[in-house]
Amino acid sequence: MEKILADGERLPASWPVAGTTGYDALRHVDGLFTDPAGFGELLGQYRRFAAPQTDRGGQWEATVRRAAYKVLTHELATETDRLVRVADRLCATSPEPALRDRAPWALRTALQELLVRMEVYRPYESVDAASVVTEEAAAEARLAFVVPEEAGAVDVVRDLVLGRYGDGPAQLEFRTRFAQTSSALRAKSVEDTAFYRYVPLLSATEVGGNPGGPALSPEEFHAYCARVQRDWPVTGTVASTHDTKRSADVRAALHVLAECPDRWADVLAEVTRTGEGVPDAQLAWAAWQTVFGLGPASGALERVQGALLKHVREAGLYTSWTEQEPPYEEAVARFVAAGPCGAPGERVAAFRDSLGPHIRANVLGMALVQLTMPGVPDVYQGTEAEYRALVDPDNRRAVGFPPEESGGTSGEKSAVTRVALGLRARRPDAFGDTATYMALPAQGPAAAHCLSFARSGEVVTAVTRLSLRLAQAGGWQDTRLPLPPGRWADVLEPGRAFTGHARVEELFERLPVALLERVGE
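So the sequence shown is numbered by our numbering: it starts at 218 and just counts up by one.
Bear in mind the hints are in silico, worked out from the structure with no lab data behind them.
Beta carbons: idealized from backbone N, C-alpha and C, even for Gly.
Check before you lean on any hint, since a few could be wrong.
[What the hints assert, rightly or not] Derived Cβ-Cβ restraints for the label pairs, each shown as a range: (1) Thr651 to Ala566: 40 to 50 angstroms; (2) Val736 to Glu436: 24 to 34 angstroms; (3) Arg490 to Gly430: 47 to 57 angstroms; (4) Gly649 to Ala320: 51 to 61 angstroms.
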């Protein structure tokens, strides 16, 4: 089912579905390839470069909160008004003393303050609503009231949402409309606004993601996969879709920036030294990351200009879809042509080339993990090989299927996709709903850079993560991967086999990933 799970949110076990369409898997794969310490450093560089206001792109939660207030009072004003009317009617006709004598303005304030603090898309009847509309959120909402007695409106609204005042038609209507408004608010304020204002690392601003804390540890990833295999073994997994803000291979390149924040800041200082023609610093930061992520591409100028025009309109800071500012938008187009897609952009292109091996490791690693982790992989049209696309409509262009024989990273990704899917078809028992999942921790000085897991004791996936940090630390050295009992053939490189404690440097001798199949005792 099409369901976006927020961080920490679980799909209710009672739902008669196979799982989600896979954005939660995308979030966990992306988080695995994002350096947590480096992201913090990159965030600091972003704040120094762009100097954003705290609630206009400087701090994630504050940015979301401000965007949510704006959406409630503009785009969703009608829905808010309707909720207030239903709540007011319930209070006016209720025999409950706690509900009577609640002013409409107090109910409106309470509704808004609770809605902007929702951390999931919507509460459901089958879910413990108290874990969604939390007491912590209610306590914060009460602070919006000067007079303590008036703050009781927050408790009234929360109790109505929690169903503590009965299940009559009006109560049911209120809960239903609250859930619908919450869902629309989350989509419009987070995905359609805050994602375009808070931009320290563009690969983190993805559907189902958490831009404020994008990195995940291997332990968190393994825990997620074990839970999926246990509870939702045929859920969907995705890496790119028609709705992703950037395709997986663009995000794979951008992830590397979190491993070299100081070098990225130096490159930006070099290409923006004059500061001429820059409409605003936040836009400039996002624009330079956009061309870095996209890399060499046909029609790059038109595609980047289109993506950034959508970016500034969605952000709504200086122009918007409903109140367009042609002078600003024209300045953005000129800046893109003269800067990121002009001569200065060549410096960013050269920097990207210097990081090629690490981008390659991310592209191949993210692909193999998504194709072999628990769940059913969805391969978006054209993404069998390297596929670099920006936000729609760029990711909805006519499909350009890769040639059967292609070189470089694109050819390697095509081979990984073909072999991994072929193995799934040949060994369905290792991947289906009766399969198992087991983490395989590496051992040695660089163990944190090898992510590995076994499926049903018959298939092993191993990939390199944070490869730039790995290189800076001296490489694999004597890191080893303890394999389960048996003889393991490398299906990506036929002719190679491993047993026991495999040397990781040998395992990743040609490719930064490995896919092993048990072929003997």
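Need the list of violated hint numbers for this structure, in ascending order.
Failing hint: just 3.
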